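**Student:** Sequence:
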Amino acid sequence: MKTRFFVLFVLILTTPFCLGLLPLSANIRYTVESATSSTWVATDSLGRSIAGYEQTSGIRDNRYVGLFFWNWHDYLGTETPYNNTLITNTFSTDVVKDITHPAWGPQFAVHFWDKPLYGYYKNADQWVTRRQAEVLADVGVDVIFFDCTNSDFLFEYENVFKVFQKAYDDGVDVPKISFFLSYSSGVAQNEQLNTLYNNIFSQNKYMDLWFIYKGKPLIIGPFSPESSSYLYNYFSFRQMHDTSPNGWTWTSHYPQKMAYWRDPETKVKTPEQMSVSVARNSGIYDGNSYMSNYHSSIVTRNWSPKKNQYETYDKAVCYGANFADQFEYAIESDPEFIFITGWNEWNAIRFQNQLYPLENWFCDQFNYERSRDIEFSEGYLKDHYYYQMVDYIRKFKGCDIPPVSSPPKVIDISSQEDMWTNVSPEYIAYKENTFNRDSDGYGDLHYYNTTGRNDITSAKVARDSENIYFMVETKGNLSPRSDDAWMRLLIDVNNSDKNWETFDYIVNRQSPTDMATLERSTGGWNWEIVGKIYYNINKNRLQIKIPKTMLGITGDEYTVNFKWSDNMQNDGDIMDFYINGDVAPSGRFKYQFISK
1 MKTRFFVLFV
11 LILTTPFCLG
21 LLPLSANIRY
31 TVESATSSTW
41 VATDSLGRSI
51 AGYEQTSGIR
61 DNRYVGLFFW
71 NWHDYLGTET
81 PYNNTLITNT
91 FSTDVVKDIT
101 HPAWGPQFAV
111 HFWDKPLYGY
121 YKNADQWVTR
131 RQAEVLADVG
141 VDVIFFDCTN
151 SDFLFEYENV
161 FKVFQKAYDD
171 GVDVPKISFF
181 LSYSSGVAQN
191 EQLNTLYNNI
201 FSQNKYMDLW
211 FIYKGKPLII
221 GPFSPESSSY
231 LYNYFSFRQM
241 HDTSPNGWTW
251 TSHYPQKMAY
261 WRDPETKVKT
271 PEQMSVSVAR
281 NSGIYDGNSY
291 MSNYHSSIVT
301 RNWSPKKNQY
311 ETYDKAVCYG
321 ANFADQFEYA
331 IESDPEFIFI
341 TGWNEWNAIR
351 FQNQLYPLEN
361 WFCDQFNYER
371 SRDIEFSEGY
381 LKDHYYYQMV
391 DYIRKFKGCD
401 IPPVSSPPKV
411 IDISSQEDMW
421 TNVSPEYIAY
431 KENTFNRDSD
441 GYGDLHYYNT
451 TGRNDITSAK
461 VARDSENIYF
471 MVETKGNLSP
481 RSDDAWMRLL
491 IDVNNSDKNW
501 ETFDYIVNRQ
511 SPTDMATLER
521 STGGWNWEIV
531 GKIYYNINKN
541 RLQIKIPKTM
551 LGITGDEYTV
561 NFKWSDNMQN
571 DGDIMDFYIN
581 GDVAPSGRFK
591 YQFISK
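Residue numbers for the sequence shown follow the working numbering, so the first one is 1 and each next one is one higher.
Everything labelled a hint here was simulated from the structure, so no lab data went into it. One or more hints might be untrue.
[To be verified] Simulated pairs of lysine-lysine, DSBU-like, Cα-Cα distance not exceeding 35 Å:
1) Lys-257 x Lys-395
2) Lys-431 x Lys-539
3) Lys-395 x Lys-216
[Stated by the list, open to error] Label pairs and their computed distance ranges (CB to CB):
4) Ile-529 x Lys-596: 49 to 57 Å
5) Asp-412 x Gly-552: 35 to 43 Å
6) Thr-90 x Asp-418: 56 to 64 Å
7) Gln-569 x Thr-312: 44 to 52 Å
8) Thr-554 x Asn-204: 54 to 62 Å
9) Thr-43 x Tyr-230: 50 to 58 Å
10) Leu-46 x Gln-510: 29 to 37 Å
11) Lys-306 x Asp-418: 52 to 60 Å
Bear in mind that the values here come from a model prediction, so they are computed numbers and not experimental data. Virtual Cβ for every residue (Gly too), placed ideally from N, Cα, C.
Please model the entire structure based on the sequences and the hints provided.
**Tutor:** Structure, rendered in structure tokens:
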């Protein structure tokens, strides 16, 4: 949920002021029009905390991140897929290599390297696409690129545009959308360009989602004589080819190739683009290029090109050595644009191996070790690569300054008067995202989710010398307080090594009655009662008052990280935050309140 903090300095002027300036005042008021995700904090399950302002300084100008995105899941989704990680974890290496084993199903069947957290979804599933729009906005991705490199197919792009446009209209700073066109032929690419121009660009359709780069919409693909010169000049066209001098790469061996931009007027060359890959379907020492290759070394997730070795420590595949080495090299090289491979390819077709005819051949994806997606999986990798990507994008693009809290204030949570008007910052959450899921998946699969209930839209925190006050608002009136998993507040004050996913305290794990219950983690999802606390419900607003002593806070300078959650279905599983009910902010992210 990418957000921006706008700081208004209210000043008192004794002379006329220009348009856009505010009158001067002795007071400074900080207001928030939309929350800024680069000020959020998070720690993944490996204990890695993402970079913040202190590690990155401010936002850097003219730095962009693109991400490979696959919109082919309607086209390929006619059959229920096979799960390769399940197969390789179940059977021996001999069976893994045996093309005749029934576990693999028929030739040319669709296989997934593992099961996505959202299930085997199609791109027509608006519930999934909306979540993708939000979590990619949260991470700071500027543009996604549809992989249209096979033949002249553009696959299903209209639904992604529609859902991203709706999210944008709802206040989500979604990534823009672009296309990576066919490698097949100039004729195929020309057909794609004409289709896109006629259906989108000539009609000024989805203009909010165009990625304008150096003055024109950006398109990537190998330009050829068959392509229309008019269309070529209409776009900022970049050739995607590893060997051409200025060609952009979508994947490259470490140390990665730099693409340069030559200014048409000054002729000066500047570093423009470099790719970063989670893994590569390429041999380290030879040209064998398929992920299921066990005959030579492949650039897997746990390969460290900097060390020239596979990392074998505990959970090494979760730490992403190749991703880390490549991203760190890209940041050091400092191009204008970093292209990441990739987000949600997931599947690979099973072919017969031409070099070893009795073995399977999976080109781009194989299993959880030999794959290159970042999107959340239900299996072993979960959301590890997402927060690794967050961390490196912040180190490349920078972070906003954490918001300054307004002065201390006593809040009467039972007052009919709005006590929160001048309290800041305001933490804005995405609205209109609690709709039901009712969509077809691959094959005969169908997915339902009706857990969306209270649509969280904003939150604030205030404090006085003795108490901390939390307020949250929803789009409509709050559901009954007796509902299961109702409007929980999770608090991290970083004062104990006994916590659940870094959260030390929770409110409303037990449904509130006359008073709410504050509990403290004794380690994991195990809680003990700290005490009863006051709360107030007024239509769409919930207020909670917590004595500082109950949170172990002393003094006036402290930091509180917090999160709101409604209708969690699987207590103790943080991955539930991506799927059920509503949370603010998303996933493992936490808002940060700083008292000084």
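**Student:** Decide, hint by hint, whether the structure agrees.
**Tutor:** Hints, verified against the model:
1. About 20 Å separates the Cα atoms of Lys-257 and Lys-395, which keeps this hinted pair within 35 Å; it holds.
2. Restraint check for Lys-431 and Lys-539: satisfied, since their Cα atoms lie roughly 17 Å apart, inside the 35 Å limit.
3. Taking the CA atoms of Lys-395 and Lys-216, the gap is near 27 Å; set against the 35 Å cutoff, the hint holds.
4. As the Cβ distance of Ile-529 to Lys-596 is approximately 31 Å, the hint placing it in 49 to 57 Å is violated.
5. Taking the beta carbon of each, Asp-412 and Gly-552 are about 25 Å apart, not inside 35 to 43 Å as hinted.
6. For the hinted restraint 56 to 64 Å between Thr-90 and Asp-418, the CB-CB distance of approximately 59 Å keeps it satisfied.
7. At roughly 36 Å, the beta-carbon separation of Gln-569 and Thr-312 lies outside the given 44 to 52 Å, and the hint is violated.
8. Separated by about 58 Å at the C-beta atoms, Thr-554 and Asn-204 satisfy the suggested range of 54 to 62 Å.
9. At roughly 51 Å, the beta carbons of Thr-43 and Tyr-230 sit within the given window of 50 to 58 Å.
10. Distance hint for Leu-46 and Gln-510: a CB-CB separation of about 31 Å, consistent with the stated range 29 to 37 Å.
11. At about 56 Å, the CB distance of Lys-306 to Asp-418 agrees with the hint of 52 to 60 Å.
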